[in-house]
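Asks: I would like the entire structure built from these sequences, with the hints used as guidance.
Residue numbers (the working numbering), protein chains in the order written: chain A, 1 to 465; chain B, 1 to 433; chain C, 1 to 439.
Distance ranges between label pairs, derived from CB positions:
#1 Lys246/A to Ala197/C: 50 to 56 Å
#2 Asp413/A to Gly330/C: 31 to 37 Å
#3 Asp413/A to Glu227/B: 53 to 59 Å
#4 Ala19/A to Gly330/C: 51 to 57 Å
Derived from the structure by calculation, the hints contain no laboratory data. Remember, it's a predicted structure, so these values are computed and weren't measured experimentally. Don't be surprised by glycine CBs; every beta carbon is placed ideally from N, CA and C.
Letter by letter, the chains look like this.
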Amino acid sequence: MKTLLIRIAAILLASTVSAQPKGSVHIRNATVITISGGTLENTDVLVENGRITRIGSNLSTPRGADVVDATGRYLMPGIIDAHSHIALSGVNEPTHPVTAEVRMADVINAYDVSIYRALGGGVTISHAMHGSANVIGGQGATLKHHYGEEAETLLMKDAPRTIKFALGENPTRVHGQGNNVQPRTRMGVEQVIREHFDAALDYKRRRADYATALQTWERNRRRGAAPVPVARNARLDVLVDILDGKILVHCHSYRSDEISMLMRVFKDYGIRNYTFQHANEAFKVAPELAAHGAYTSIFSDWWAYKFEVYYSTSYNAAILNHYGVVNSINSDSGELIRHLNHEAAKAVRYGGVSQLDALKMITINPAIQLGIDKRVGTIEVGKDADLSLWSAHPLSIYAIADITWVDGVKRFDRMNDPSDMRLRVSADGKFSDTVASVSGRHEDSCMQGVLDFFTFEQMEHAHDH
Amino acid sequence: MKHIIGSAVVWVLAGAAAHLHGQAVPAQAFTRVTLHRADGTTVPQATIVWRNGLFEAAGPNTAVPFDARVIDGGDSLHVYPGLLDGMAEWGTPEPPRPPERPERTVEVTNERAGILPERDVAALIRKEAPEFGAARSVGFTLMAIAPRGPLLPGRVSVFHVRGEMTPSSLYRPNIGIKATLTPSRIVYPTTIMGVMATYRQLFYDARALQAHQASGSANAPRDASLEALFPIADRTSAFHFVADDRESIRRMFSLSDELGFNTILVSGKEAHTQAAELARRKVPVLVSFALPAKPDTSAGRTDEESAWKSRQVQAWTASVRNIRSLLDAGVLVGYASNGLKPSDLKKNVDVLLSQGGLTEAEIVRIMTLNTATILGLNAITGDVRAGNLADMVVTTAPMTRTSVRTVYTVTAGDLTEIKATPAAPGGRGRMTE
Amino acid sequence: MTIKKPLLLIAAYLLACTATAQITERPGYGRYALVGATIHTVTHGVIENGVILIDHDRIVFVGSNVKPTAEYEVLDYSGKQIYPGLIDAGTSLGLIEISAVPVTVDNAEVGSFNPNMRAFTAINPNSASIPVNRVDGVSTVISQPASGVVSGTATLIDLFGYTPDSMAVKADAAMVLNWPAGGRRGWWDSRTDEQIAEQTQTGLKEMRETWNKARFYHEMMTAYETTPTGKTKPDRDVRMEAMRPIFSGALPVMIVVNRERDILAALDWVKANPEVRFIFSEVAEGWRVAEKIAAAKVPVIVGPVLSTPTRDYDHYLRPYQNPGVLAKVGVRVALRTGQSDNVRNLPFQAGYAATYGMDKLEALKSVTINPAVIFGVEDRLGSIEAGKQANLVVANGDVFETMTTIEQMFIRGRKIPMTSRQEQLYRQFIDREAVNGRD
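Replies: Here it is in structure tokens:
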């Protein structure tokens with residue numbers, strides 16, 4: 001009881017100490033791409049205290065709000081990246097095939113300049129995930145890009161919990177090939193999941209039994225031997241929460257058979273609202289995905305970097321969209337996140353997805369997949385004012401992101417950019433220190449922390465430069 | 001001089017006799033010294049008397065007992081309370097080095113994972129480590145030592161600083177548990193997030209075991225690691241939490257809120273970024289004096305480079321003023337070497353005085369009474385005061401002057417004469433061995 | 001009109017054949033008249049409603065207001081944009097099939113000094129990547145070895161042919177020299193600063209020594225060949241032989257270099273070797289020393305443009321601005337993707353360059369005539385002119401725009417079947433039951 005009171009006090013204190021930043025702004029005369037309600041010409045959007053309060057023509061400026069003349073420019077919802085590893089001090093805990101207990105929320109690095117660079121591409125939210133070394137990885141963190149604030153402010157507190165699963169080559173290479181521990185094959189991947197789900201159900205039952213037995217013993221004035229305690233287990237607690245539908249699963253997967261496998265397993269255990277990440281072969285089972293209500297979050301055009309993506313196609317988005325699968329386009333890269341508008345346009349190029357559907361793939365669709373679609377993903381009255389303003393239609397290669405707002409606070413303004421945007425400056429270091437540029441390969445992000453499985457030379461030359 | 005020799009004979013006989021017959025051991029005294037108290041006051045022409053390892057009296061008009069062996073300061077010696085090191089690693093074994101590539105199927109053991117909160121350091125210390133002598137020459141008389149290693153490497157114990165550590169050097173065993181966010185690179189957890197999850201699980205398990213044992217159940221198991229955490233979970237003892245950067249300190253806060261434990265922050269090089277929080281939470285800091293090298297301040301070749309350099313200098317200034325910021329915010333600040341060699345201490349102290357906004361009195365207080373308070377020892381040490389442990393350092397000038405030399409260090413009453421090192425080029429003596 | 005069931009089945013069967021097998025559609029080859037399009041010649045402006053006449057592998061006419069004679073099959077491209085086939089001046093296309101499968105990776109030989117390695121040898125003409133990338137606008141690439149200090153020779157290939165021999169525009173287009181880099185190479189590089197500095201110095205020293213040895217070998221062999229009488233023939237050294245064309249100016253050296261400090265050191269090297277032709281490749285920090293590069297008259301292959309800044313305090317747009325900054329001070333700029341499987345993103349690299357400061361025509365030149373000039377093949381490639389090779393891109397819009405579709409490619413006058421494994425997978429799975437029946 002005492003610890004509970006202390007916890008409540010801590011939460012209350014924390015929320016007053018780090019109040020969520022909220023801004024007000026009057027964006028005037030833009031072409032507003034609402035996503036949910038058409039594209040409106042010569043339209044104003046009013047933002048007050050972090051919320052969109054009015055959309056209309058020739059509106060009057062609320063007190064205290066800045067005015068931005070957006071004539072000739074395009075306003076769209078802030079872009080949401082459903083697969084990211086920026087702003088993290090660590091990505092993979094690769095020492096066990098199941099590490100559900102670790103949380104990305106514990107290792108947010110709010111001072112990562114990649115956040116700012118993402119804002120420079122109109123991205124307001126990123127889903128910071130565990131890597132793909134483990135069959136069941138750690139819990140993710142949905143972050144608002146409030147660059148300049150502390151980690152607690154970046155974390156979207158009401159966003160649903162998420163967790164990372166991974167199938168195929170990565171976990172079988174790390175654990176099976178690397179450590180002689182199951183899984184070594186796709187067969188093993190399924191069994192690791194089932195085994196752990198069954199263990200979680202047993203744990204849940206035994207914990208409940210223990211709680212009941214303890215209550216009874218207390219009521220009987222502690223007569224007789226105390227019931228043998230069933231220890232609380234951080235890992236199993238999370239697995240129970242997954243089975244109870246409290247956590248959204250995001251599963252790194254490529255081959256169509258492993259996608260089918262997970263749908264089968266999740267059906268057996270009653271898990272819904274999950275997203276296949278990367279899912280390069282999802283198009284081969286698009287009807288099944290639609291039938292199961294499963295989501296996909298994919299690259300626009302990456303392929304051939306591993307065998308399991310050799311038989312994939314840049315037409316993936318078009319086929320999934322055709323079958324009504326809620327699909328998003330993600331980056332999984334600190335480089336790609338900067339031009340997700342350009343990546344979305346590739347869905348139009350490859351297979352003729354409509355421009356609106358292409359834009360949905362970087363706005364409302366990832367919002368649905370992260371369970372935050374009531375708050376973000378479209379420009380609607382009442383939603384969070386996560387917005388990005390562009391010099392031209394965002395799907396054009398010539399479009400430049402001008403301003404990005406998060407909760408109505410201007411977090412990026414191209415005309416007022418002082419170049420050196422570092423939040424943390426070291427007393428050591430040299431002016432000419434370069435950080436090797438991130439070329440945006442898949443291996444850059446998802447397998448961080450798994451150094452032992454890549455020799456220095458392999459990493460160098462596999463990157464084509 | 002005459003009565004030194006005379007009374008030395010008496011002292012030896014009396015000492016021998018004391019053991020045989022239980023008589024009082026003769027006293028020792030310094031006369032005509034300038035006494036620097038921990039609160040910053042200075043007492044010129046003071047007399048300091050100690051006996052049986054404790055101060056008997058100290059002040060300007062203190063009488064010298066008849067049986068005291070006296071050393072006359074000649075108005076040229078300065079006496080300070082003995083310095084305390086809140087977290088030292090001298091003499092502790094190197095932590096196991098992770099292999100180049102993690103080995104296949106390495107069994108997960110508490111040792112490999114770094115879960116060793118029960119480990120005592122006394123048995124591990126290499127008694128002849130040279131840093132003990134070096135520390136004593138600088139003026140350290142008491143130090144808290146804990147093992148090195150990831151995660152929870154072991155317990156903190158307090159030792160008298162002698163040239164060579166003996167079993168009698170152990171003064172207070174197990175005053176706390178050293179905690180870090182450093183992962184093992186050998187087995188799980190190998191990441192910070194894994195470490196944080198491990199802390200959670202350990203606390204669940206410790207509280208569960210505590211409840212199980214308390215219930216009187218016949219089959220309650222024993223677990224040394226978990227039992228070592230009971231006092232931490234009860235808040236009767238604290239984690240001596242080693243953390244430097246901003247994020248690590250915030251992670252320490254978040255864990256302590258969630259799991260319910262008290263902390264003493266050790267090292268805290270970026271603690272100034274969290275000064276207000278530390279003050280609000282009443283978390284004391286055993287701060288490191290290791291400062292980054294001063295960056296080059298010559299003009300940049302371009303505007304861009306000049307701007308970059310100016311930010312670097314700002315960052316350096318903030319680091320150097322770390323302690324100042326903490327004091328200004330009302331944080332209780334003590335000292336921890338946490339690996340800073342005794343021979344490197346002086347040059348950092350010089351920077352703290354010249355650029356860090358600290359006075360000698362503040363530095364002395366940090367290294368004496370404050371550290372004692374943080375370690376829970378201020379009732380018996382940290383200042384030259386009757387009843388306290390007779391720990392002192394005697395120097396030729398105020399401690400922070402450039403050409404000062406340590407003449408004696410007194411550890412729990414035992415006096416050691418510090419041999420002078422040949423003067424460095426330029427004629428500046430060093431406060432080193 | 002209803003289609004009879006047997007015909008439907010035959011059509012489905014045929015479609016299935018093409019979907020699963022290799023490309024079996026035959027490229028057209030003969031005389032074509034491409035009429036009605038906007039022609040971006042690159043070197044002679046833009047021609048509206050133009051006419052291009054192709055006779056087998058040559059362009060024989062470029063103009064407008066001309067009615068093609070009967071032997072030309074007329075292709076109506078009204079409303080389309082026609083560009084020269086795009087040239088990617090830095091890839092590993094055909095050398096790497098799947099980067100995570102080592103046995104399919106052939107761009108990196110063991111050892112630090114390998115001038116005799118030829119990328120040309122290891123090009124896989126049947127790589128699945130080739131059709132995937134050529135249907136999207138790129139007709140010609142430099143494919144280059146990596147690894148070590150001297151990796152070997154890069155090759156310039158058209159993306160059409162059964163053998164490397166037939167694909168090659170220039171079998172050996174440049175010698176690749178990786179300037180010993182001073183910085184950290186990536187997040188996986190855990191070397192200390194001291195280790196990096198030491199290894200860089202060692203690398204530079206080795207490079208200089210080997211270079212001087214090679215120069216000496218060339219002079220010695222030349223002396224022997226000029227007047228062999230009275231001299232003993234020196235032993236032949238395969239590696240040294242491969243270096244000889246550098247010193248005679250026949251083969252340019254492509255220095256892969258990124259950091260400002262390294263670029264300046266490489267420029268000193270260029271100055272010290274006036275008889276050698278040099279090209280710089282990658283050049284991420286080129287914008288910092290653009291004027292010096294221009295003064296040295298070294299052409300530059302920049303990319304990938306879509307990268308993150310090299311320094312954590314850099315302005316966020318530096319990589320996108322890089323090609324434009326260099327072009328503005330007179331450097332001849334070509335672009336590279338550095339890819340093995342997504343070379344098709346080359347026009348977007350140019351699009352970003354054009355958006356962030358590079359003149360649009362300059363951006364187009366950087367993927368057409370500039371790489372042609374840099375590799376000495378401007379007589380054949382890089383622009384739409386009579387007499388040049390018929391490498392053409394027919395697009396339904398601006399070739400830089402993401403949403404544009406490439407409708408037809410011509411490579412060496414072949415009307416390329418606009419299909420690839422990726423496009424076949426689309427046709428197979430957009431309605432898989434129609435193709436393969438119910439399961």
